[in-house]
Amino acid sequence: MNTLDTLKKASGLPIKYLSEKIGLSSRKISVWRKASIRSGNKCIPKSHWITPEERKAVEDFKRENPFFGYVLLTWMMIDRDIAYMSPSSVYRILVECGLNNKWRKPTSDSKKTGFDQPKSIHEHWHTDISYINFKGSFVYLICVLDGFSRAVLSWSIATKMESLDVQLVLWDACEKWLGGDRERGIRLITDNGSQFSTKEFKQTLKEYSITNVRTSVNHPQSNGKIERFHGTIKSELIREIPKYSLEQVRYEVGHWIEHYNNVRLHSAIGYVAPMDVFYGRKDSILRERKEKLIEGKLKRKQYSESIKLDLVA
Numbered sequence: 000m001n002t003l004d005t006l007k008k009a010s011g012l013p014i015k016y017l018s019e020k021i022g023l024s025s026r027k028i029s030v031w032r033k034a035s036i037r038s039g040n041k042c043i044p045k046s047h048w049i050t051p052e053e054r055k056a057v058e059d060f061k062r063e064n065p066f067f068g069y070v071l072l073t074w075m076m077i078d079r080d081i082a083y084m085s086p087s088s089v090y091r092i093l094v095e096c097g098l099n100n101k102w103r104k105p106t107s108d109s110k111k112t113g114f115d116q117p118k119s120i121h122e123h124w125h126t127d128i129s130y131i132n133f134k135g136s137f138v139y140l141i142c143v144l145d146g147f148s149r150a151v152l153s154w155s156i157a158t159k160m161e162s163l164d165v166q167l168v169l170w171d172a173c174e175k176w177l178g179g180d181r182e183r184g185i186r187l188i189t190d191n192g193s194q195f196s197t198k199e200f201k202q203t204l205k206e207y208s209i210t211n212v213r214t215s216v217n218h219p220q221s222n223g224k225i226e227r228f229h230g231t232i233k234s235e236l237i238r239e240i241p242k243y244s245l246e247q248v249r250y251e252v253g254h255w256i257e258h259y260n261n262v263r264l265h266s267a268i269g270y271v272a273p274m275d276v277f278y279g280r281k282d283s284i285l286r287e288r289k290e291k292l293i294e295g296k297l298k299r300k301q302y303s304e305s306i307k308l309d310l311v312a
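Take 0 as the starting number for the sequence shown in numbering that gives the first Met the number 0 and just add one per residue.
Please note: incorrect hints may appear among the correct ones.
[Said to hold, decoys possible] DSSO-like cross-link-like pairs, simulated, lysine-lysine; straight-line CA separation at most 30 Å:
id, residue 1, residue 2
1, K289, K300
2, K198, K159
3, K233, K175
4, K281, K175
5, K159, K242
6, K159, K201
7, K242, K175
8, K298, K281
9, K291, K307
10, K159, K175
11, K55, K291
12, K159, K134
13, K118, K134
14, K201, K175
15, K291, K118
16, K134, K289
17, K281, K233
18, K281, K307
19, K281, K118
20, K55, K307
Read the hints as simulated data drawn from the structure, not as lab findings. Just so we're clear, the structure is a prediction, and the values are computed from it rather than from any experiment.
Generate the whole structure from the sequences, applying the supplied hints.
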């Protein structure tokens, strides 16, 4: 079979014509070809093999996004119509080309889970204050985050860490997302900071029928969602940008939060953006991804068949 392939490449003549000239039947050629396929001939790709074009697309996309893990890269490529394949296929490609350098923190089996998880938006809100080092001092990032969708509903960077600053962010979230609906029965999860225990703060909660749930002193995981968010924005943005002025920091944070809410895929909610969950788009996105994965398999099968036909011709 290899001899015929060599003659075909040298002469440009089809294998069928060459086989007739040397007295080989088409049936014999077919038997040889099938045997070559069964023996794992690397020149003949199987129907499930990743194509060279797909492999290059994965490698290029990883180089453009070097700090993302393979699962996140998979769904980003599917959503952007770059490559349709499973996370395991992406992982294998990255390992083979030496690009799988994502460092992962070890997980603890004894990790506590906190409160029961919300079933819809506006059941649990989380708020907290995070320090930002600014010109030898500190400013304070205050956020309100929806526990179901992980969307940031309101935020501010304040120069003081006082109850009024927290109240303003909470009031903004209520007015922006609840409007006149003051009977939602939201649970606002906070730590035990003094900002959340003042008379004025409690009055704001009462106006919107919000119940304040304060985490146990030795159980910070209960407010882990917003702690995780603050850790993410610090590692991906705040530690990376120069801080020339407070206005510039606020602009950068606002731009990043807009990207986080609407574009950045979140691992804890199925690798969709928070606002996709908030507005109920998650299921349709997951269905579309499944359809694209099926389409990718069909294209690889067609590619394999075309190679086989070309070799037999």
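Margin query: For each hint given before, does the structure comply? Return the numbers of the non-compliant ones in rising order.
Written below: The structure breaks hints 13, 16, 18; every other hint is satisfied.
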